[in-house]
Amino acid sequence: MAEHQPAPDEERREFREERESLWRITLAPATWAVHFVICYAAAAVVCAKAPDSIGTLRLGIGALTLLALGLIGWLGWRAWVQWDVRTTGDYRNPLGEAEDRHQFLGHAAVLLSVISALGVLYVALPALFIRSCG
Amino acid sequence: MSDRRDMAPEGPYPPTDAMLAEKVPQNVQKRQAEELRAAWAPPKGWRYPTAVNNSEVGLWYALTAFGFMLLAGVLALAMRLQLAVPGNDVLSADRFNQFFTMHGSAMMFLFAVPMFEAIAILILPAFLGGRDMPFPRLSAFGFWCFVIGGTFVMGSLLFNVAPTAGWFMYPPLATQDEGPGSDIWLLGLSFIEIASIAAAVELIVGALKCRPPGMRVNIMPLYAWYVLVVGGMILFAFPPLIAGDFLFELERSFDWPFFDPTRGGDPMLWQHLFWIFGHPEVYIVFLPSIAIAAMVVPTVAQRPIVGYSWIVLSAVGTGFLSFGLWVHHMFTTGLPNISLGFFSAASEAVVIPTGIQLLAFAATLIAGRVRMSLPMLWIAGALAIFTAGGLTGVMIGIAPFDWQVHDTYFIVAHLHYVLFGGMVLPVIGGVYYFYPFIRKKMLSDRLGRWAFWLIFTGVNVTFLPMHLTGLLGMPRRVFTYSDGMGWGWLNLISTVGAFVIAAGFAVFVWDLLRPKGSQPRIARNPWDAGTLEWSHDVPEEYWGARSIPHITSRYPLWDDKGLVERMDAGRYYLPDSPHGHRETLVTSVIDATPELAQRVTGPTWITLWAAAFTGGAFIFPTFHMYPPAIICAAFAIVCIVYWLWTATARPPAHEMRDAGLGLRLPTYASGPKAVGWWAVWITMLGDATAFASVVFGFFFYWTAKADFPPEGAQHAAAGWVALATLALVLSWALTLGAREWNRAGRVAAARAALVAAPVLAAGGAGALILSVLDLTPSAHVYPALMWALMVWVSAHALVGIIMQLYCLAGSFAGKLTPRYDADLWNVTLFWHFLCLTALVAGAVIGLAPRVL
Chain A
2 MAEHQPAPDE ERREFREERE SLWRITLAPA TWAVHFVICY AAAAVVCAKA
52 PDSIGTLRLG IGALTLLALG LIGWLGWRAW VQWDVRTTGD YRNPLGEAED
102 RHQFLGHAAV LLSVISALGV LYVALPALFI RSCG
Chain B
381 MSDRRDMAPE GPYPPTDAML AEKVPQNVQK RQAEELRAAW APPKGWRYPT
431 AVNNSEVGLW YALTAFGFML LAGVLALAMR LQLAVPGNDV LSADRFNQFF
481 TMHGSAMMFL FAVPMFEAIA ILILPAFLGG RDMPFPRLSA FGFWCFVIGG
531 TFVMGSLLFN VAPTAGWFMY PPLATQDEGP GSDIWLLGLS FIEIASIAAA
581 VELIVGALKC RPPGMRVNIM PLYAWYVLVV GGMILFAFPP LIAGDFLFEL
631 ERSFDWPFFD PTRGGDPMLW QHLFWIFGHP EVYIVFLPSI AIAAMVVPTV
681 AQRPIVGYSW IVLSAVGTGF LSFGLWVHHM FTTGLPNISL GFFSAASEAV
731 VIPTGIQLLA FAATLIAGRV RMSLPMLWIA GALAIFTAGG LTGVMIGIAP
781 FDWQVHDTYF IVAHLHYVLF GGMVLPVIGG VYYFYPFIRK KMLSDRLGRW
831 AFWLIFTGVN VTFLPMHLTG LLGMPRRVFT YSDGMGWGWL NLISTVGAFV
881 IAAGFAVFVW DLLRPKGSQP RIARNPWDAG TLEWSHDVPE EYWGARSIPH
931 ITSRYPLWDD KGLVERMDAG RYYLPDSPHG HRETLVTSVI DATPELAQRV
981 TGPTWITLWA AAFTGGAFIF PTFHMYPPAI ICAAFAIVCI VYWLWTATAR
1031 PPAHEMRDAG LGLRLPTYAS GPKAVGWWAV WITMLGDATA FASVVFGFFF
1081 YWTAKADFPP EGAQHAAAGW VALATLALVL SWALTLGARE WNRAGRVAAA
1131 RAALVAAPVL AAGGAGALIL SVLDLTPSAH VYPALMWALM VWVSAHALVG
1181 IIMQLYCLAG SFAGKLTPRY DADLWNVTLF WHFLCLTALV AGAVIGLAPR
1231 VL
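Just so you know, the sequences run in chain order A and B.
Just remember that my numbering sits 1 ahead of the position in the first sequence, which is counted from 1.
Just remember that my numbering sits 380 ahead of the position in the second sequence, which is counted from 1.
Looking at chain A on its own, in the form it has when it is part of the complex (with noise of 0.2 angstroms):
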């Protein structure tokens, strides 16, 4: 929204509204829920179907981890640059700018990809752990 007339103390630009998504804090997660779908539907699929081939999927699933813990990963560093806590020092953000709007989306988007990260390695154990469809 630029039509309104921008007055003396206008947000900076590299916060403007338009760069910004509610959407963005959650890829972490959805990149969770589909590394988690994908384990579930491969397992369901390979048990139901070829038994046999579990040490093929236990292998993929480790690929398939390891790929989505490099992009949580990588999310998160993007957020950690966003929220960008070393320069300002600022853990809170509770004021209502959109330099405070911009690094607390960072900051959540930060904690959402290590939630995430975690998720993602809890959910790869049990093919670490489980050899067998049983």
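Treat the hints as calculated values from the structure; they're not laboratory data.
Keep in mind that the hints are not guaranteed to be accurate.
Pairs of lysine to any residue, SDA-like flavour, derived with a Cα cap of 25 angstroms [unchecked claim]:
hint	chain 1	residue 1	chain 2	residue 2
1	B	K1085	A	C134
2	B	K1085	A	R93
3	B	K1085	A	A42
4	B	K1085	A	Y41
5	B	K941	B	P906
6	A	K50	B	H1095
7	A	K50	B	L1232
Add chain B to chain A, keeping to what the hints say.
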């Protein structure tokens, strides 16, 4: 959307201190207040049921849900009486089955979820300093649907025909159940689920688009974050159940064997669809209740919440992870161990975000100057009980432990701890906290403490022994047991505890309903809270906020001492109603910059009629009375079309409106700036999820059954399927074309497209029907599923045709013009989804069986 003809806001924003400091003359204040009072007054006398104000609808909703909760509680007491001693005969086995089924169903569908919606409708606009929800009539429609559906389902108890198969309706028990019980459950509750989705749409749009200017996403009240998350969860959790209900009812009514293993079906599909809904459901009722705690705790601690971002993390994270847990209800169904492992792992992972929010609350209390109050007592009790339930949850999240206690009273104990601690107690705490806001009176501190200690003690006395009862082997849902089992004394304790809970509820109900006329006028902000709802007017006014403030911090009432005074003076936005309209402010999603003065709908009978006919369309099929059902459905459509035509997206008399503080705002928007577009988008996301669930059914059968599709089975006619898909895609293209031509001023071309598009859509639906006509759906699950997909797409095509014709009529009537084209935008959005649905359905019906 940056079309040139879209009117843009004009004037200064954000307001400067000097602008805010300027006084509003007394006579102006008086005139503005009178205008608002006239515009927002709810109807009086016999017209009172036509009210749509969120303060009225929310209150009715909450009281009705609470009434159903008390009824369901009475059922529980009757069951506890029956189980108090071995070999008891207070209830017959059949009545006991009806009671436990209705206890669970009513608590979940008629209390827990509606209560979230009721409370959110009641207080969310106040948190956002707003006037009302964006779609007041939709709330009212949802409420009346809920009343009709709930009364119908609960009423079945009086005729001794209530469902008996348990609240999760497992086939084959439920599919083969004699009598209308299962149908009552399926149709009555589907009806309510649709109302729930309507409320979710309303709440999401409310939290995204109706925040006060300046309330960026990083300073939203945490409650709004929870509402967003829970609304999103409803959109993805309820549709699988609706899809399951759809298949289930087709089996019950027409003998299409989706869950019948003798004809290729599989009861496990129901379990999957039910629990994909059922587990997130637990978090759908838990998160909004914990959201109340997130509002109470900072007030009690008299400081901002510690770890705002961490609580957002925990709400969003829990929302996601809760969808990876459903199979932990199915650990004993013989799935491969590795699959169980995934769900067990996710079940343990969800503990992390859940724990984080509890720790954030504890940190806030430790860091603040705690002023213990009655609401906090309830919250504290809730956290204690919830934590106990969470610990047993960690235990049964581990598959081998679950195998031991599955279907025993250990599970009953666990789930009641979780629900009392995670839902009932925080909600009652919330009632004590928000009562001064809702009714402008205080509840009794003394009675509240009595109620708390009775309920808290009762919960522990009832449910703590049940862990042991379960470990000793008592199964759920047995109507009696023999003396020799040794469970008698434990059950007697539980029964005594249940009546202690009931006594606590009696005290609470009395406190809630006793006359309070003689009470002195309450303080406006009795708890010294920092959030906007405590800028409410005492005595009550119906305008929501006298003027909609500009917000710059998370706790505006603490941080800006002059704010309430300026709101009262009408210094902020939309302080008047020059044309007598009800209006609310629409702002942008991320930073809440003002975009639009949205006119909202007022009192009407049409929502009641629409709900009554929709009710008929769902209730008559329960008794296999199809002609009246179809007539009701037709009338429901007529009512809804009338309601939309007369009250939504009408070309405004005035393009722009002075919104206050020098800002002029447009009064009409189409496309992504319009709240209606967002509502369609969100609704269709839910609809797409339901369709995906039916498609999931196809792949589920293919995975689980060796004979799907059966050897040499007759497939749908490929030519007709291709033709159907093509026709529907062309209809979509023409709809999109109509939107573009209309916008470019080529009205004749747009109208021609809107004539051709419904013809093509009808042809497409017809071709799809022809493609499966030779298949016998009752013979095997494969043809049944082909038919189900056909029914799904055809029904949507019918809706799509009505929408196209609605736009065509609008174009001729002058409601839809090149400038005012919101309807066409919304219809095109529906058709985007329908086009996708048609392509997927075409591939699944025509291609997949031949390829797999």
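So, going through the hints one by one against the coordinates:
This hinted pair checks out: K1085 of chain B and C134 of chain A have alpha carbons roughly 17 angstroms apart, not beyond 25 angstroms. In summary, the hint linking K1085 of chain B to R93 of chain A is not supported, as the alpha carbons are separated by about 54 angstroms, beyond the 25 angstroms threshold. A C-alpha spacing of about 15 angstroms is found between K1085 of chain B and A42 of chain A, which places the hinted pair at or below 25 angstroms, so the restraint holds. Distance check on the hinted pair: K1085 of chain B and Y41 of chain A sit about 17 angstroms apart at the alpha-carbon level, within 25 angstroms; holds.
Using a Cα cut-off of 25 angstroms, the hinted pair K941 of chain B and P906 of chain B holds, with the two alpha carbons roughly 16 angstroms apart. Using a Cα cut-off of 25 angstroms, the hinted pair K50 of chain A and H1095 of chain B holds, with the two alpha carbons roughly 23 angstroms apart. About 12 angstroms separates the Cα atoms of K50 of chain A and L1232 of chain B, which keeps this hinted pair within 25 angstroms; it holds.
Violated hints amount to a single one, hint 2; each of the other numbered hints is respected by the structure.
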